[in-house]
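Undergrad: If you read the sequences in order, they're chains A and B.
All residue numbers for the first sequence refer to this note's numbering, where the first residue is 1 and numbers rise by one.
All residue numbers for the second sequence refer to this note's numbering, where the first residue is 1 and numbers rise by one.
No wet-lab data here; the hints were simulated from the structure.
All figures in this text were calculated on a predicted structure; none of them were measured in a lab.
The beta-carbon is built from N, C-alpha and C at its ideal position, and this holds for glycine as well.
Don't take every hint at face value.
[Claimed, not checked] Under 8 Å between C-beta atoms, here's a sample of chain A residues computed to sit facing chain B:
id : residue
1  : P64
2  : V84
3  : P184
[Claimed, not checked] One side of the interface only, derived from the structure: several residues of chain A facing chain B at Cβ under 10 Å:
id : residue
4  : A43
5  : G47
6  : P51
7  : R188
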Amino acid sequence: MEREIRLPISEEEARALRVEDILYLTGTLFTARDEAHHRMLEAHRLGEAIPFRPDEMALFHCGPVVRRAEEGWEVVAAGPTTSVRMELFEDDFLRAFGTRIVIGKGGMGERTQAALEETGAVYVHYTGGAGALAAKRIVAVSDVHWLEELGMPEAAWIFAVERFGPLLVTMDSAGGNLYRELEPTIARNRDAIFARIDEAHGG
Amino acid sequence: MANTGVLVERLAEAIGRAATRLPEDVVRALESARAAERSARAAAQLDAILENVRIASDEGVPLCQDTGIQTFFVEAGVGSPFLADLRGWIGEAVVRATEETPLRPNTVHPLTGANPGDNSGVGMPVIHWDLVDGEDLRITILPKGGGSENMSALKMLPPGVGIAGIKKAIVDHVIACGGKPCPPTVLGIGIGGGADAAMKLGKHALLRPVGSAHPDDRVAALEEELLELVNETGVGAMGVGGDTSCLAVHVEIAHRHPASLPLGILVQCWADRRAAVLIAADGTLEVV
């Protein structure tokens with residue numbers, strides 16, 4: 001089902017989202033790859049404040065190309081990065097910061113799935129490599145944090161977006177997981193392919 | 001005599017073109033995949049990809065925020081007067097394109113993580129040299145993204161598994177990769193040669209236009225069969241399930257040690273970006 005989402009969203013709204021839903025987001029995103037996750041989790045551990053509200057924004061696994069504009073910054077390309085790198089700490093991150101929508105590509109693992117279910121959040125898939133398309137839907141760069149320290153791809157960029165999508169929900173808070181649902185089909189296909197190879201080679 | 005400034009400028013333009021415009025053969029393959037796709041989820045991914053390709057081309061912006069590690073393949077005519085200059089020119093052109101296109105500063109020190117900010121660095125950009133007859137320098141640019149490069153693999157198979165074992169290893173690899181390398185991918189397969197040679201053959205195989213057949217009929221038949229097999233996995237565009245997991249499989253071979261069966265699997269994302277230029281002995285550069 002196609003849904004227009006205006007951020008921030010409540011836990012109740014996030015828990016109503018299901019695998020196969022297609023979302024278009026309007027509101028604010030923050031980008032975080034490995035380094036920004038580390039930086040934020042470290043601050044959380046030390047009891048330091050984060051200079052923005054991760055609970056009111058969607059988290060975007062993205063290392064954008066950004067350039068200086070006359071005033072502030074302009075996004076050139078900003079597609080998703082491979083999410084599974086963040087599997088090592090995303091569950092801690094969701095528990096620490098209460099972010100309700102995680103945007104990335106390729107899906108995540110069991111630890112993140114468990115944290116989505118526990119905290120009431122979803123993982124949504126954005127088309128990998130669609131950097132120019134994503135940049136079109138980012139209407140402003142509101143801020144950037146830790147740019148000097150982490151560099152352009154790893155910094156936390158704050159983007160104002162309008163109808164950012166299409167985002168396909170692939171992991172939800174009710175245990176729905178598109179990747180897991182595809183596994184039996186792919187396993188059957190593999191068996192059929194291997195049988196065909198064996199037959200061709202007289203195995 | 002060559003005008004170094006102009007040559008570096010033209011090389012930088014070619015690097016920028018590779019980042020912003022997808023080769024026609026890749027666009028056609030993506031359009032065919034979209035037309036044939038039966039899964040609505042995968043079709044939506046392919047629609048987004050094709051819209052993204054149009055926006056990047058119309059606006060002259062990079063297709064993907066991961067503008068890759070700039071990788072160059074030089075067929076260097078031994079009679080070229082510029083053999084000693086080319087490495088320096090390519091390095092300067094990458095720095096210039098980083099500013100002008102712009103490209104994402106992607107090179108970080110492997111031990112400290114420090115990013116020089118201009119895609120320079122130890123061993124960067126990567127340049128592969130092949131010496132050939134003649135006076136021309138033919139340079140192919142392959143910007144290689146991290147997501148797909150992370151999925152490239154070397155398998156040292158026991159020779160006893162034979163061709164069937166090679167086919168199974170490739171099918172299993174495509175399944176294991178899932179959506180991570182941004183399918184539909186192009187696979188560059190290197191068979192034989194040794195560990196290093198198999199990987200290099202696979203990367204060279206990625207330079208061929210999508211859908212081109214190998215001149216050796218036996219290799220061409222294997223390419224065709226492999227493409228059919230990997231597309232029966234059902235992994236699909238972006239791993240959301242669908243008909244096209246790969247746009248093409250290109251195979252290159254070399255003789256091997258009787259005790260070794262090296263298999264290089266080089267994975268390229270759907271954004272199979274390439275550009276080529278030729279520098280003649282008179283110092284002129286043309287886009288090829």
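Undergrad: List in ascending order the numbers of the hints, as given earlier, that are violated by the structure.
TA: Numbers 3, 4, 5 and 6, in rising order.
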